[in-house]
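The listed protein sequences derive, respectively, from chains A and B.
Per our numbering, the first sequence starts with residue 1, numbered consecutively.
Per our numbering, the second sequence starts with residue 1, numbered consecutively.
Treat the hints with care, since some could be wrong.
[Unchecked claim] Using C-beta positions, here's what the derived DEER-type ranges look like:
| hint | chain 1 | residue 1 | chain 2 | residue 2 | range |
| --- | --- | --- | --- | --- | --- |
| 1 | A | 137 | B | 94 | 42 to 52 Å |
| 2 | A | 28 | B | 20 | 54 to 64 Å |
| 3 | B | 94 | A | 109 | 26 to 36 Å |
[As the list claims (entries may be wrong)] Residues from chain A that face chain B, not an exhaustive set, calculated with beta carbons under 10 Å:
| hint | residue |
| --- | --- |
| 4 | 5 |
| 5 | 33 |
| 6 | 36 |
| 7 | 44 |
| 8 | 47 |
Derived from the structure by calculation, the hints contain no laboratory data.
None of the values given here were measured: they were computed from a predicted structure.
Built from N, CA and C at the ideal position, the CB exists for glycine as well.
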Amino acid sequence: MSDERPIRVLVAKAGLDGHDRGAKVVAAALRDAGCEVVYTGLRQTPEQIVEAALQEDVDAVGLSLHSGAHMTLFPRVLELLKAAGAGDILLTGGGIIPADDAARLAEMGVGRLFGPGTPLAELVTYVRDEVARRRAAGRTT
Amino acid sequence: MTCTGDDVRDLAARVVARDGRALARALTWVESDVHRGPALVEALRVPGRAFRVGATGPPGAGKSTLVAALAVAWRQAGARVGVLAVDPSSPFHGGALLGDRIRMQALSGDTDVFIRSLATRGALGGLASAVHDAADVLEAAGFDPILIETVGVGQSEVEVTRAADVTVVVLAPGSGDVIQGMKAGLLEAADVLVVNQDDRDGADALVHALESALELRAIQPPPVLRTVATVGRGVEALRDALVARGPGSAAPEVVAERRRARAAARITAAVDASRAREFWRRAGALREDLADQVVAGRLGLAEAIARLAPDEAGTEAP
Ligand SMILES: Nc1nc2c(ncn2[C@@H]2O[C@H](COP(=O)(O)OP(=O)(O)O)[C@@H](O)[C@H]2O)c(=O)[nH]1
Ligand SMILES: [Mg+2]
Chain A
1 MSDERPIRVL
11 VAKAGLDGHD
21 RGAKVVAAAL
31 RDAGCEVVYT
41 GLRQTPEQIV
51 EAALQEDVDA
61 VGLSLHSGAH
71 MTLFPRVLEL
81 LKAAGAGDIL
91 LTGGGIIPAD
101 DAARLAEMGV
111 GRLFGPGTPL
121 AELVTYVRDE
131 VARRRAAGRT
141 T
Chain B
1 MTCTGDDVRD
11 LAARVVARDG
21 RALARALTWV
31 ESDVHRGPAL
41 VEALRVPGRA
51 FRVGATGPPG
61 AGKSTLVAAL
71 AVAWRQAGAR
81 VGVLAVDPSS
91 PFHGGALLGD
101 RIRMQALSGD
111 TDVFIRSLAT
121 RGALGGLASA
131 VHDAADVLEA
141 AGFDPILIET
151 VGVGQSEVEV
161 TRAADVTVVV
171 LAPGSGDVIQ
181 GMKAGLLEAA
191 DVLVVNQDDR
201 DGADALVHAL
211 ESALELRAIQ
221 PPPVLRTVAT
231 VGRGVEALRD
241 ALVARGPGSA
251 APEVVAERRR
261 ARAAARITAA
271 VDASRAREFW
281 RRAGALREDL
291 ADQVVAGRLG
301 LAEAIARLAP
311 DEAGTEAP
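Construct all of the structure, not just a fragment, from the sequences and the given hints.
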């Protein structure tokens, strides 16, 4: 019963560049797929993102960035999540991320990353399946 | 039926010990788990003494910005502040976009503030019934006041006044027809009225329109205050006005009566929900069978209803 609760996702825009159209489109797609999407707006620091993710008890964090800082931001968010005992939260996201970098991030434990132009349905399906898998795998409470 | 298992007791203890992650999980339980949620609230057994302030009004009036500014004012007075920001779920797909935190960035990094976004999930009246329980959980974790933001576009105003000790209705120039708002009961829900965005054209006209509308009100019209939430102007005065109407006010019996009504409403809602669940667990199959017969033209709707609820259908049970 408790596993039929809606999937909760935090969508955040990190980094210094000032537009968030991509993040808003993703947030709307997840909402239309039945998710509860917490949207926190522009220029979020890793600390702010993780604080919000913890308070909101989300299943997943979707991080959008275009500033090329992905090799610092994703690991930092992951590190803070783990330090808070919340390593079970799926960290995914999008931006212009070279395949080599994506592979290294995946090794660290970051989920799939989506480049510009990925069909939204693909992203939604990934979040849904991966959260279902993680909920089944351990998170009993 | 409710399980007071070790997991419930354990989580309750961690909430009381102010463990933030436990608090977040507890809020998920009261939102989502019809067994452990009530069991947890029972285990916490909060007295309901934290000051609960409702903020409602039309979209875009500045509720989230104002709630954040109020939270800052309360922090400066040394309080630990809980915020519940309620937004509607879509009736079509159940999803929700919870964007109130965007305006609450000034509160981040402060462990004495806890913000949680809630979706209504189809709860009647637009305000999730879980809000009462969520406020209890925040109170158990030592937060006082608890600020509750809801979008006021219909019956939800009435609901927010039930969850809160005191309600502030937030309006802004151009944020919808004041007369319409009066029709919808928005002004009646207000203990304090705020014209926010007082830096914008039309604020004076709105204040005058409100004041002349309130003149017609016989008993104790709410005060009309002005704020500019983005810069915090007028926020201290608003906080004072809320406190003056709170549990420590000169007339605490108003709040006491609301708290009593709140307890009664929660009992009613919980008993109704529990009875309905139990009833349909037993009668669900019969209902489906009756629906088939109605569609096939073998049975009238009133007759079908009478078989499940003999007293309600206006016809005698067979
Ligand atoms: N000019 C002005 N804008 C404001 C004020 N308060 C809020 N806003 C802006 O109004 C918009 C809606 O604010 P928000 O707090 O999200 O409104 P809500 O939908 O009622 O929660 C945002 O762009 C705010 O920055 C104010 O006092 N003056
Ligand atoms: Mg808002």
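The hints, checked one at a time:
no.	hint	in the structure
1	A/137 x B/94: 42 to 52 Å	violated (24 Å)
2	A/28 x B/20: 54 to 64 Å	violated (29 Å)
3	B/94 x A/109: 26 to 36 Å	holds (30 Å)
4	5	holds (4 Å)
5	33	holds (6 Å)
6	36	holds (5 Å)
7	44	holds (8 Å)
8	47	holds (7 Å)
Taken one by one, the earlier hints fail for this structure at numbers 1, 2, listed in ascending order.
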